[in-house]
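Chemist: Model the full structure from these sequences, guided by the hints.
There are 4 protein chains.
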Amino acid sequence: MLVVMKAQATAEEIQAVCDHIEVMGYRPHPMPGAQRTAIGITGNQGEVDRGNLEEMSGVAEVIRVSKAYKLASRDVKEEDTIIHFAGTDATIGGRNLAIVAGPCSIESREQAFAIAEKVAASGAQFFRGGAYKPRTSPYAFQGLGLDALRIMAEIRDTFGLRIITEALDNESLDLVAEWADVVQIGARNMQNFSLLKRAGRLRMPVLLKRGMSATLDEFLMAAEYIMSEGNYEVILCERGVRTFADHTRNTLDLSIVPAVQKHSHLPILVDPSHGTGKRDQVLPMARGAVAVGADGLMIEVHHQPEKALSDGPQSIYPEQFARMMDEIEQIAPIVHRELPRGIHVETAATKPHDSSIR
Amino acid sequence: MLVVMKAQATAEEIQAVCDHIEVMGYRPHPMPGAQRTAIGITGNQGEVDRGNLEEMSGVAEVIRVSKAYKLASRDVKEEDTIIHFAGTDATIGGRNLAIVAGPCSIESREQAFAIAEKVAASGAQFFRGGAYKPRTSPYAFQGLGLDALRIMAEIRDTFGLRIITEALDNESLDLVAEWADVVQIGARNMQNFSLLKRAGRLRMPVLLKRGMSATLDEFLMAAEYIMSEGNYEVILCERGVRTFADHTRNTLDLSIVPAVQKHSHLPILVDPSHGTGKRDQVLPMARGAVAVGADGLMIEVHHQPEKALSDGPQSIYPEQFARMMDEIEQIAPIVHRELPRGIHVETAATKPHDSSIR
Amino acid sequence: MLVVMKAQATAEEIQAVCDHIEVMGYRPHPMPGAQRTAIGITGNQGEVDRGNLEEMSGVAEVIRVSKAYKLASRDVKEEDTIIHFAGTDATIGGRNLAIVAGPCSIESREQAFAIAEKVAASGAQFFRGGAYKPRTSPYAFQGLGLDALRIMAEIRDTFGLRIITEALDNESLDLVAEWADVVQIGARNMQNFSLLKRAGRLRMPVLLKRGMSATLDEFLMAAEYIMSEGNYEVILCERGVRTFADHTRNTLDLSIVPAVQKHSHLPILVDPSHGTGKRDQVLPMARGAVAVGADGLMIEVHHQPEKALSDGPQSIYPEQFARMMDEIEQIAPIVHRELPRGIHVETAATKPHDSSIR
Amino acid sequence: MLVVMKAQATAEEIQAVCDHIEVMGYRPHPMPGAQRTAIGITGNQGEVDRGNLEEMSGVAEVIRVSKAYKLASRDVKEEDTIIHFAGTDATIGGRNLAIVAGPCSIESREQAFAIAEKVAASGAQFFRGGAYKPRTSPYAFQGLGLDALRIMAEIRDTFGLRIITEALDNESLDLVAEWADVVQIGARNMQNFSLLKRAGRLRMPVLLKRGMSATLDEFLMAAEYIMSEGNYEVILCERGVRTFADHTRNTLDLSIVPAVQKHSHLPILVDPSHGTGKRDQVLPMARGAVAVGADGLMIEVHHQPEKALSDGPQSIYPEQFARMMDEIEQIAPIVHRELPRGIHVETAATKPHDSSIR
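Residue numbers (numbering that gives the first Met the number 0), protein chains in the order written: chain A, 0 to 357; chain B, 0 to 357; chain C, 0 to 357; chain D, 0 to 357.
Hints are computed from structural coordinates only; laboratory data are not their basis. Just so you know, not all the hints are guaranteed correct.
Pairs count within a copy or across copies, as identical chains cannot be separated in the list.
What the hints assert, rightly or not - Keeping only pairs whose Cα atoms sit at most 30 angstroms apart, straight-line, the calculated BS3-like set for lysine-lysine is: (1) K306 x K277; (2) K261 x K117; (3) K196 x K261.
The structure presented is a predicted model; accordingly, all values stated were derived computationally and were not measured.
Modeler: Here you go:
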């Protein structure tokens with residue numbers, strides 16, 4: 000259910016409707032738009048009783064949302080969600096392409112800084128690097144953990160790059176939330192509903208990767224899990240799906256981009272590194288992703304991929320990353336985008352968000 | 000790496016080898032077999048240094064295990080793993096077919112008892128019922144939680160049935176471990192490595208469902224995660240995979256049964272209810288599962304499936320369950336199995352295992 | 000559209016309705032049943048005009064068939080289709096399990112006879128052997144062609160086995176129709192609609208294999224292509240589909256068996272040899288196929304599989320075939336089937352059917 | 000096997016090597032390159048005996064080709080294959096993007112001309128329109144056949160557009176070869192090896208669509224079937240594959256484009272219309288295809304898609320096609336391509352190639 004407020008509704012009227020929804024036993028989700036605010040209602044099993052919502056002051060109309068996902072749906076919020084990073088000009092969603100780059104795993108301070116310097120110089124605004132790695136084998140390198148988080152915090156201080164890294168469970172979620180700017184939930188955890196709900200109690204952006212065999216609806220429902228807890232800053236990310244095809248490690252499904260954009264207001268990035276598993280596929284598929292209209296890219300870059308502790312064969316060299324940036328910069332205007340080169344930090348590089356679990 | 004002890008090796012010799020492995024910085028996993036004990040070694044990154052293991056007293060040979068999974072592999076343990084339930088004659092693995100039956104979700108004490116009585120009467124030894132439900136939508140029925148666990152404990156006391164139910168996260172894992180006999184890890188959590196490791200620190204059986212797009216290797220590696228923490232009582236369960244086919248909800252891949260049995264000593268059940276999503280597919284596919292050699296079945300039964308809060312269309316009626324039991328009883332001897340009807344509780348129905356996390 | 004005749008309708012009344020349907024510009028397909036005859040109507044684009052069909056003598060009712068497939072549907076013919084082989088007691092469909100066995104390719108008279116003798120001794124009623132092989136590579140062995148057909152005709156004369164072999168195109172279809180008892184259309188040709196129509200103009204059984212990524216509807220629509228030309232003796236065959244799973248060459252989808260039997264009256268066999276691509280999977284999956292209710296099996300047997308020119312790794316040894324027959328003989332009564340051992344040829348072994356294209 | 004001739008080898012030396020290969024019992028396939036000619040050898044079962052080829056005059060070296068596909072491989076021909084259309088400046092492959100546009104089916108002269116005029120005005124060089132339609136149902140519209148071919152020949156005369164249309168079987172192949180400029184083999188016939196070989200005996204371009212579940216190797220092997228008969232003008236076309244994903248009709252696998260270009264010299268187009276089955280996906284995926292580096296596009300355009308006899312929901316409007324052309328024209332230079340607008344016919348618009356079967 001969705002309460003659409005009148006354009007001229009006051010903050011008091013909006014608050015009054017929210018309060019009333021709580022009294023009814025549901026949860027209000029105010030979604031401010033360019034024209035007017037809409038208030039999503041969740042917390043119901045089955046049909047919401049409309050009560051006298053329609054008669055309240057400032058209410059334009061009350062609409063049933065037919066999709067299984069509500070808060071993630073364009074029915075509830077027509078404008079694209081744009082995620083801002085306080086103290087900087089960086090955004091995810093909207094006109095600017097967001098470029099996330101870095102190694103699969105943080106292996107050492109030297110390695111991380113060497114790569115960060117390169118990707119910053121080429122104009123990335125976000126740095127990625129695994130601190131906690133979901134590995135198929137219990138005997139494989141599992142990441143440096145907190146040490147990696149500390150290294151990435153230094154990288155933020157040094158280069159201004161905002162940090163995105165994956166959380167695997169409650170413990171790492173709390174730490175990642177404390178140290179990073181965006182918490183990543185990986186493909187294998189896309190339906191770890193407990194972790195999604197906990198991420199939903201954060202008040203900071205969450206990047207949610209599509210599961211290896213997730214349908215569009217399941218993907219948006221996973222986002223809905225996060226949003227239903229009050230965290231509306233969800234970034235989706237396509238990273239390839241499982242099919243019979245064997246020329247790439249996964250089959251990168253670029254058609255999910257326009258499909259998401261039709262049904263949801265959330266931004267969607269594309270990860271051609273995991274999506275193909277092959278270095279020589281990354282540049283062409285990165286171009287393709289921007290051309291179909293993705294809101295940005297997530298790219299594995301390594302200065303010495305042959306020595307990487309994980310995913311070396313899919314990591315591109317810094318020179319390739321620089322070329323990729325040049326190519327997508329040219330494609331950007333064709334899809335009404337811009338590629339901002341780098342990030343401008345306006346204030347002291349302190350971690351701006353509130354990472355406590357609500 | 001695997002240390003194979005001589006047939007006549009003493010308990011002291013085995014202990015000395017284990018101690019030595021720990022001194023080397025690794026973790027020993029003694030696996031007693033019918034003829035002799037083997038000791039798996041984990042905890043290494045890369046190659047294990049053999050040291051002077053081969054010269055130790057009682058050691059027959061030291062073997063490199065080439066598979067990515069070690070403890071789950073038949074190379075490490077040739078005999079089938081049979082899981083016993085203390086104080087009863089119930090087993091999973093080995094000659095007896097293990098039959099797990101019950102509703103998708105525990106909805107009420109009345110519903111649970113009505114179904115438990117029926118499936119016990121038809122000869123099930125295990126009762127399943129969801130207390131914590133992994134639901135695609137955050138707004139769907141999420142299970143009765145602890146109340147459901149309490150109801151199932153009563154069912155154990157009343158009918159002797161051993162209880163299998165799913166844990167979704169740390170909190171529910173601890174509770175399920177406390178109240179149930181087998182902790183289930185669902186398909187969506189098959190690569191929730193943090194949860195797998197925590198389940199590995201239990202000393203009670205874990206039923207691990209195959210992920211929707213998991214390969215055989217990934218499935219066995221997920222089992223390896225549990226085993227690498229010292230919990231060797233892992234039961235695998237095929238429940239259908241994602242394909243293009245649309246006549247069933249998932250495609251039940253019965254060929255995984257002989258494939259698992261070739262490569263691993265772990266028992267494997269088949270769940271034709273989730274595996275097909277259709278009531279009229281359950282009986283034929285249950286027969287098929289037993290005929291290919293599965294160690295047992297996991298079946299959703301509901302006395303009023305049209306009123307079920309979840310998965311009604313795939314739940315069979317108690318009468319169908321009774322017919323299924325008759326049919327598979329006849330197939331069992333052809334694959335050198337027996338179908339024990341019901342469970343015999345030899346001692347007071349107390350929960351026998353130690354559910355504390357090691 | 001379907002015209003259901005009254006139980007007591009005379010042959011003249013049936014003929015009159017068929018004539019009238021032709022006058023209306025459509026094609027009548029009389030389908031005699033145990034109780035009464037139904038007449039399918041095809042040849043229409045869009046809705047059939049009922050005209051005065053309902054008022055004709057002997058007509059019980061006129062029914063719209065809502066499925067895309069008509070003649071293949073149980074709506075049109077409720078009783079299972081049973082295909083008889085004149086002069087013998089062999090059938091496909093109905094109570095008896097039909098067992099088709101033989102090598103992937105006919106390589107020589109000696110090889111074919113050696114295998115035929117063995118499978119006949121174990122009780123197969125049908126012999127399979129490739130004369131024309133659909134090979135992924137143009138440089139691979141393409142089959143002995145007409146020589147292979149002649150060898151198989153000798154096998155029919157010697158052992159009584161009825162012959163099933165694949166046709167790839169018009170030329171081989173005509174030859175196979177002349178020499179064999181059942182024309183096989185392979186998985187790669189399941190949507191070769193031109194070949195299907197030509198097979199539909201034969202008046203002899205056609206075995207249609209499921210395409211590698213065919214849905215149930217597409218599979219039945221392919222059968223409909225054959226039937227729409229007047230050939231109602233279609234035998235379906237599941238042989239595995241393409242998925243991400245890599246422990247078998249294809250994923251054998253046994254759930255298609257009950258799905259076909261629910262929606263269609265056509266018999267369905269299962270081919271676990273192509274369906275798994277692995278020798279040690281053939282016996283378990285053959286048992287599984289019979290247990291789910293398949294009308295029979297198609298099995299690759301080779302006396303020297305290591306020397307086979309094609310598909311050696313999936314061919315079982317004659318001794319394994321004998322064991323398989325023993326196992327499925329025991330499963331058969333549980334699913335209300337019988338396994339007749341061998342074929343009884345009542346009359347001189349001449350090729351009984353009319354292979355001319357209508 | 001591949002014989003690489005010296006750069007300065009004469010035509011006589013090349014001919015002498017070809018003759019010698021024939022004497023050896025194999026088939027020579029001379030492949031002229033920018034620097035030097037290579038001669039592929041096929042017709043062997045197993046290893047080719049090198050004989051004294053290496054000692055022949057003009058021979059630089061003799062190389063074993065390890066891939067299953069030989070003539071389609073870049074090992075045999077390093078330069079991209081560019082297909083020219085005599086009497087025009089149109090090409091497929093090379094620097095120019097080739098744009099094929101038109102309706103799914105030719106429905107009438109008026110419809111075809113209305114669409115052709117529009118797509119020609121927007122700069123397409125090729126016109127597509129189904130004359131013979133592979134329809135899942137035998138009761139669906141099957142195409143206008145020869146009448147459609149005649150209409151398209153008129154379109155060639157009127158607008159200069161070269162004609163691409165699908166052949167389903169021998170009969171339609173002969174007719175399409177006679178009337179069209181490019182013979183299309185559809186996805187369902189990608190492994191109709193008999194049809195492939197017959198298309199290989201033509202001396203005119205063949206457009207080969209990827210099968211719904213074809214791997215890269217199978218796709219290139221299907222091209223090899225055509226090439227092994229001496230027809231080297233093969234154009235590949237990606238049109239989506241079968242997966243579990245349900246937000247598009249098929250999953251368009253753009254990663255096949257760089258994969259083909261790495262392993263083969265053949266040009267590859269992308270068909271986002273069939274590849275997605277949704278009108279609002281066509282433009283973004285067309286942009287994506289050009290950005291990943293495809294050699295061109297195949298697009299369904301209809302002036303009244305809501306009235307189309309087939310595939311209306313995936314056909315775009317002429318205005319959308321015009322916008323698409325503008326967009327990809329801007330992307331082209333980024334991937335070192337050009338979009339020529341329209342086709343220049345230099346000589347009288349007669350059908351230039353020899354359509355007789357060799």
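Chemist: Compare the structure with each hint and give your call.
Modeler: Status of the hints after comparison with the structure:
1. K306 x K277: Intra 16 angstroms, inter 37 angstroms, cutoff 30 angstroms: intra-copy only.
2. K261 x K117: This pair counts as between: shortest inter-copy Cα distance 28 angstroms, intra-copy 35 angstroms.
3. K196 x K261: For K196 and K261, the Cα distance is within 30 angstroms only inside one copy (25 angstroms; across copies 40 angstroms).
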